[in-house]
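**Student:** From first to last, the protein sequence lines stand for chains X and H.
Counted the way this note's numbering counts, the first sequence spans residues 1 to 286.
Counted the way this note's numbering counts, the second sequence spans residues 1 to 300.
Hints were generated in silico from the structure; no laboratory data involved.
These numbers come from a predicted model, not from an experiment.
Treat each hint with caution, since some may be false.
List of simulated lysine to aspartate or glutamate pairs, DMTMM-like, C-alpha gap at most 25 Å [stated by the list, open to error]: (1) H:Lys24 - H:Glu101; (2) H:Lys159 - X:Asp99; (3) H:Lys159 - X:Glu57; (4) H:Lys159 - X:Glu270.
Simulated coverage check for chain H against chain X, where a stretch passes if three residues somewhere in it have a Cβ under 8 Å from a Cβ of chain X [claimed, not checked]: (5) 159-169; (6) 233-239.
Footprint (simulated), chain H over chain X, 3 or more residues, beta carbon under 8 Å [to be verified]: (7) 148-154; (8) 232-244.
Beta carbons: idealized from backbone N, C-alpha and C, even for Gly.
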Amino acid sequence: MSTATVAPPAWALKVEGLGRIYGDPSPESVPGTGPESGTVISPATGAVVAAWDVGFEVAPGEALGIIGESGSGKSTVMRCIAGDEDATTGTINLRGVGDGTVDVRTLDPSARRGLRLHQLSAVYQDPAAGLNLDVTAGGNIADPLTAVGWRHYGRIRERAASLLRRVEVPLDRMDDLVRTFSGGMRQRVQIAKALANDPPVLLLDEPTTGLDASVAAGVLDLLRELLEETGVAAVVVSHDFAVIDLLTRRVLVMQHGRVVESGLTDQLLEDPQHPYSQQLVAAARG
Amino acid sequence: MNDQLTARLAGPPPQPGIFDELSKREIRRAMLSGIAIPGYQVPFGSREMPVARGWGSGGLQATLSLVGEDSRLKVIDQGEDAGVNASNLRRLVVSHVGCEEETDTRHADIIQSRHRIPEQPLRDGQVLVLQVPGAEPLAGIVRDMDEQRRMHAEADYAKMWVRLYEDVVHNGLITAAAGYPVLVEGRYIMTPSPIPRWDVPKLDRSEAITVLSAGREKRIFAVPPHTSVVPLTFEDRPFEVEHTPGAACRLCGSADTYIVQEPAADGRFTTWVCSDTDFCRRRRTGDAPAPAQPVQGETA
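Just chain X, with the same shape it has in the complex:
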C-alpha cells in the first residue's frame, strides 16, 4: 500500500551523488577531471570539480571517516552537508527531517540554517570558525541553547557547566573569554557547543589538526568517548589516518574530488587496494 507509513530509515544521514563545482556547473565540466586525469580542473570549461558523485550513509552511533590529502574535496563535502555552502548536485537526507524523505538541499535558507540547531552540528579545525572568541566559554554554549528557546539563566548555566565538565574544561574557566584559552581548550569548548542540543549528526572537520600531538591525543580520546556514549552519527574528515583509525569504523578515501576506495577502516589500513590509498597508508606508517 502506497499510503502505509514508511518506517524511519536505519541511517541518520544519507548523501547521494553529491557534487560541488566551482565555476561553470554544466555537465561539460565533469569529463577530464578526477583521479584518472589527475586533476580537478575541467579541461573544457576551466571549472573546479571539487567533489563529484560522493555518496554514503551513516547510522546512529556510527562514525564514518573521509580521508584524503589537501584539495581532495573532503572538506567541501562536509561544508555541503553542514550547509556552509550549497552543493551543485546530489541529495542530502537526514533521518530527523521528515523521517529521511526530505532532501535538505530543497529547504529554504532559513530552514536549512535551522537544521544546525537541532539536526546537525559541525566542529571545525579552527575554533574561531565555530566560536566567538570574545565571548565566555559559557556564553558560546548559551548561543545554541538560547537559539532553541532557553530563557532561564540558571538552567543555561547548569547546562553549559555540565557540557564543559563533559569535555573536561575546568569550570573555573567557564566565565573567561575563549580568546584567553589554549588551542586544545578552545577545541573542547567548540565540541561542547556542538553537543549543546544533542544533535543526531555531528560533523568533525580536522578536529585535532591544529593541535600539538599530546593535546590532540587528549581531544581524540574525548571524541572517541563521546561518539561511543552519545549514539551520534559522526562524519570525521581528516588527512591523518591515525585520527581516522582511532575514531571511525568505516572510511572513504577521496582523491581529486572522487571517492577512490571505501571500506572498513581496519581492513583498509591492513590491505589498501587503490594505489592512492596505499600511498596514504604507507605515509601514515611512516
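Dock chain H against the given chain X, drawing on the hints supplied.
**Tutor:** Showing chain H alone in chain X's frame:
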C-alpha cells in the same frame, strides 16, 4: 507627462517652508508600514532638516508629517517642555504649520520626545513620536548590516541573548539602561529611543500609537495601540526599573514618578525633582491623580 503626474501627486502647490507634501506622504507611508509590522524598521528617505541629524531630525520629520493646523503639539526634552531643544523644535513646527503649542500631556494630540514618555498614561488618539539616535538593536552585536537584517527576518536573536547572558556573567545583572531592548508583539526585537527603563513598561499595550523615527539612520518603526512590548530578560532575572529608596521629588513629593538628581547650591547632588515637569506641576496643583502605593522598583 511625469511632471504632471508628480504635480498631481504633490497636491496643492508647495508652501514656502521646510517640508514638501510629497516627502510628508512618503513618511506617512513608512509610518503606516511600521504600524502594520510592529517593531520592524522601515527604511525611508530622510530629508535634510533645519536641525542637525542626531538632534531630532527624524522625530521632526515624523511630527511635520502628522500635524495639521488644528493639532495640539507637545515637545519635551528629557521630561521638560521648556528645554532649549524642545522649545525650538516646537516653535519651528508651530511656525511652519500653524498648529497649537501644548504642554499638558492630556490635551496634546502629538507628543514628540527623545528621553522620556510622559507620566500621564497616553490615551486613544494620541501619537507619541520618539526621536531615535540608534535604531538598530543588533548594531553592537554584529557589524554586518546584511546579517542584522537576516537576523531580524528569521527572528534569529540568539546572539542578543548571548549578549544579555554575558552581561549577567560579567556584571551580575543586565546593565542596559537607556534604550533597553524589547520584543514587540513576540516577533521583532526593537530598541526604544533612549528612554529610561522606567518608561519601557509604558510602551506595553499603550492606548496611543508610538512612532519611532531615526533621521540619521533613515528608519521609522512603530508600536500600534494594544501591542505587547516586553523587555528582554531571563525568566529568573526579573526586569527592574530605576528606583532610589527614600528619594522623592523636592517640589511635589512624588516617589512614584521618574525623578532625577538636581544640583544644590553647593554643587552637590542631594535633591531630586520630577523629570516630567508637566506632571509635577499638576501634582502640585492637585490636578493629577495622587500617588498610589509607593513603588517597589519593580514592574514587569
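**Student:** For each hint, tell me whether it holds in the structure or not.
**Tutor:** Here is how each hint holds up against the structure:
Taken as a hint, the H:Lys24 and H:Glu101 pair is honoured in the structure, with Cα atoms around 21 Å apart against an allowance of 25 Å. The hinted pair formed by H:Lys159 and X:Asp99 fails the criterion: a straight-line CA distance of about 30 Å is larger than 25 Å. The straight-line distance between the Cα atoms of H:Lys159 and X:Glu57 is roughly 34 Å, outside the 25 Å bound, and the hint therefore fails. Taken as a hint, the H:Lys159 and X:Glu270 pair is broken in the structure, with Cα atoms around 48 Å apart against an allowance of 25 Å.
A count of 7 residues in the stretch 159-169 of chain H with a Cβ less than 8 Å from any Cβ of chain X is obtained; the coverage claim is therefore met, three being the minimum. Judged by the Cβ-Cβ criterion of 8 Å, the stretch 233-239 of chain H is covered by chain X as claimed, because 4 of its residues qualify and three suffice. Coverage of the stretch 148-154 of chain X by chain H holds. Counting CB-CB distances below 8 Å, 4 residues qualify, and the rule asks for three or more. For the stretch 232-244 of chain X, the stated coverage by chain H is not satisfied: 0 residues place a CB nearer than 8 Å to a CB of that chain, which falls below the threshold of 3.
Checked against the numbered hints above, the structure violates hints 2, 3, 4, 8; every other hint is satisfied.
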